[in-house]
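Asks: Make the full structure from the sequences, and use the hints.
From first to last, the protein sequence lines are chains A and B.
Using numbering that gives the first Met the number 0, the final residue of the first sequence is 186, and nothing's skipped along the way.
Using numbering that gives the first Met the number 0, the final residue of the second sequence is 400, and nothing's skipped along the way.
Watch out, some of these pointers could steer you wrong.
What the hints assert, rightly or not - When the alpha-carbon atoms are kept at most 25 Å apart in a straight line, the in silico PhoX-like pairs for lysine-lysine are as follows: (1) A:Lys114 - B:Lys377; (2) B:Lys350 - B:Lys379; (3) B:Lys368 - B:Lys386; (4) B:Lys363 - B:Lys390; (5) B:Lys117 - A:Lys114; (6) A:Lys58 - A:Lys44.
What the hints assert, rightly or not - If the Cβ cut is set under 7 Å, some of the chain B residues that face chain A in the computed set are: (7) Arg74; (8) Pro78; (9) Asn82; (10) Glu86; (11) Ile89; (12) Ala90; (13) Gly92.
As the list claims (entries may be wrong) - Sample of chain A residues lacking proximity to chain B, with all beta carbon distances greater than 12 Å (derived): (14) Gly8; (15) Val12; (16) Val86; (17) Phe139; (18) Thr151.
If you are wondering where the hints come from, they were derived from the structure by calculation, not from laboratory data.
Glycine residues also receive a C-beta, built at the ideal position from the N, C-alpha and C atoms.
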Amino acid sequence: MAVVGIVIGAAVVLLVIGIVVTYNGLVRLRNQMQNAWSQIDVQLKRRHDLIPNLIETVKGYASHERGTLEAVTNARNMAQGAVGKGVGAQSKAEGALSGALMGLFAVAEAYPDLKANQNFLALQEELTSTENKIAFSRQFYNDSVLGYNNKTQMFPSNILANMFSFSEGEFFEIEVPKEREVPKVSF
Amino acid sequence: MWEQIRGNRTKTMVLVAAMAGVLLGIGYAIGFLFFGSPIGGLFIALIIWGVMTLVAYFKGDNIFLSISRARKIERDDHPRLYNIVEEMKIASGLEYMPAIYIIDDPAMNAFATGRDPKKAAVAVTSGLLQKLNRDELQGVIGHEIAHVKNRDVLLMTMCGVLLGTIVMISYYMTHMMFWSSMSGGRRSSGGGGGPAMIVVLIVGIVLMILAPILARLIYYAISRKREYLADATSAQYTRYPEGLASALEKLAGSTVPLQSANQALAPMYITNPFRKKGKAASDLSSTHPPISERVRILRAMGGASFSDYNSAYNSVHKGGGSVMPATALAGSGLVGIRAASSESAIGEPSKLERSREVSDLMWKKSNYKMINCSCGTKLKVPPNIKKFTIKCPHCGTQHSV
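Replies: Here you go:
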């Protein structure tokens, strides 16, 4: 009788330990995912902040490219307006902004003076890198979402995930297919 | 993705334990041969090891950076390098931005230090900065950040200390043995001979000779494993294996030896700084896998995930088994490779511009003052100048210092 009691007791203890470990694992993955999302936000905000500067610099050399400049400004305002409206809306607006920026850098090719401007070059480096950082933080976010979703869907952790309503994470896809690349143009 | 750290840990732990076993064995033998008490020998070996480990743990990165004569740079010194490091920091999910150092050396190499990801630093030589384009530099930095993320820095430091202790003890002991046999062969182990004693003595001597060799081989095996993993991790971060592959190719082609390299620190670098040209492939006595092989594996990758690296490794080695830990493979899904960022894209400086940029930076770091003359010449004024004005050698304009 005592032996049976010990066995049952041990099983209960093991089960409790298992539940605690799994639950903590789920929380850790969810926090990591949320933290990764805030990293994307930091980079998106940085891009929004850099654009007015870029517009001013380009205006000085290519003021009659009004259409392109306006497209970038509009896309930036749209993207800024989409902040906090969910992953789907935001990724769409950011995709449009990436496209508009690509257009602007393509136009800049026709102005050698602009291309030689130190300020423009510095902004170019910052925007190129910010673009990369957005891509890399998105990559890390999506990897985190994958890890988290796997955990919430696979047995036995899915039981706990359902019990404590760990909802699925949403992937951050970008609408413009070429957005992944740095804005560039071929001669 | 995060499991690989844990998965690899068990395998390396076995190897580290083997090295610790070698150390204890040699301590035992020394105690037996010289002090008449095996336990005393063990004790001495452990104390030396412990002290060296503490020094390496708390001061290792500072010592390494100062031996290499690395200089710390800030964001404004080289925005592109800073941005690339930050990109890789983001891709790896590191919480803290690593410090960035530059070594003024025409050789091409890079390394990472820092016992934990909070105190990480990456260092690159100025030669590397001049010769690599953005994608290549990203691949190299990705490899270094991978070393930080996978905790290789700590592991290799600890292994290096272990190896150093073994080499040091057996070096002094063989000398002591030689010296004591010269002076009449007086052994302090006491007691008379007997065949059993002689056998033990011979085993002890053989162990002392073999121990450093054995420890080195284990050390190199650990190091090579970590290099493959760091290559795979870099490809996964950048989603662009070709960047690292072409960087490695350029590194292989450069024949300038690194001035400030140190034998014990070799595994820290991205390629072996003591590599001789035309060295045989898959050499057991090397800290790094042959570069040509690393390049071939990276080029054979069909995607950018760990499992892609693993199958590329197998195709290069004709089914040489798994090089990645199983836990890393289990979690890796389908990962595509991105397109190259073109060298001719605006904002990407040419080779000449990169060289100028780096040499200006090195002048600046040596406290030289830059004066841009209106004729286009850049005057570099040494920090200890006595004059108040300086003449441009091209157009003769006077500049005030």
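Asks: Hint by hint, say whether it matches the structure.
Replies: Quick rundown of the hints versus the structure:
1. A:Lys114 - B:Lys377: holds, 21 Å
2. B:Lys350 - B:Lys379: holds, 21 Å
3. B:Lys368 - B:Lys386: Cα-Cα ~13 Å, so holds.
4. B:Lys363 - B:Lys390: holds, 20 Å
5. B:Lys117 - A:Lys114: violated, 39 Å
6. A:Lys58 - A:Lys44: Holds: A:Lys58 and A:Lys44 sit about 22 Å apart, inside 25 Å.
7. Arg74: violated, 11 Å
8. Pro78: Holds, because the Cβ-Cβ distance from B:Pro78 to chain A comes to roughly 6 Å (cut-off 7 Å).
9. Asn82: B:Asn82 check passes; min Cβ-Cβ to chain A is 4 Å, inside 7 Å.
10. Glu86: Hint holds; B:Glu86 Cβ to chain A Cβ min 5 Å, cut 7 Å.
11. Ile89: holds, 4 Å
12. Ala90: Hint on B:Ala90: holds, closest Cβ of chain A at ~4 Å, below 7 Å.
13. Gly92: Hint holds; B:Gly92 Cβ to chain A Cβ min 5 Å, cut 7 Å.
14. Gly8: About 30 Å separates A:Gly8 from the closest Cβ of chain B, which puts it past 12 Å; holds.
15. Val12: Label holds. Min Cβ-Cβ 24 Å, cutoff 12 Å.
16. Val86: Nearest chain B Cβ is 18 Å from A:Val86, so the label holds.
17. Phe139: Non-interface label on A:Phe139 violated, nearest chain B Cβ at 5 Å vs cutoff 12 Å.
18. Thr151: Correct as stated: the minimum Cβ-Cβ distance to chain B is 15 Å, above 12 Å.
Violated hints, listed in ascending order, are 5, 7 and 17; each of the other numbered hints is respected by the structure.
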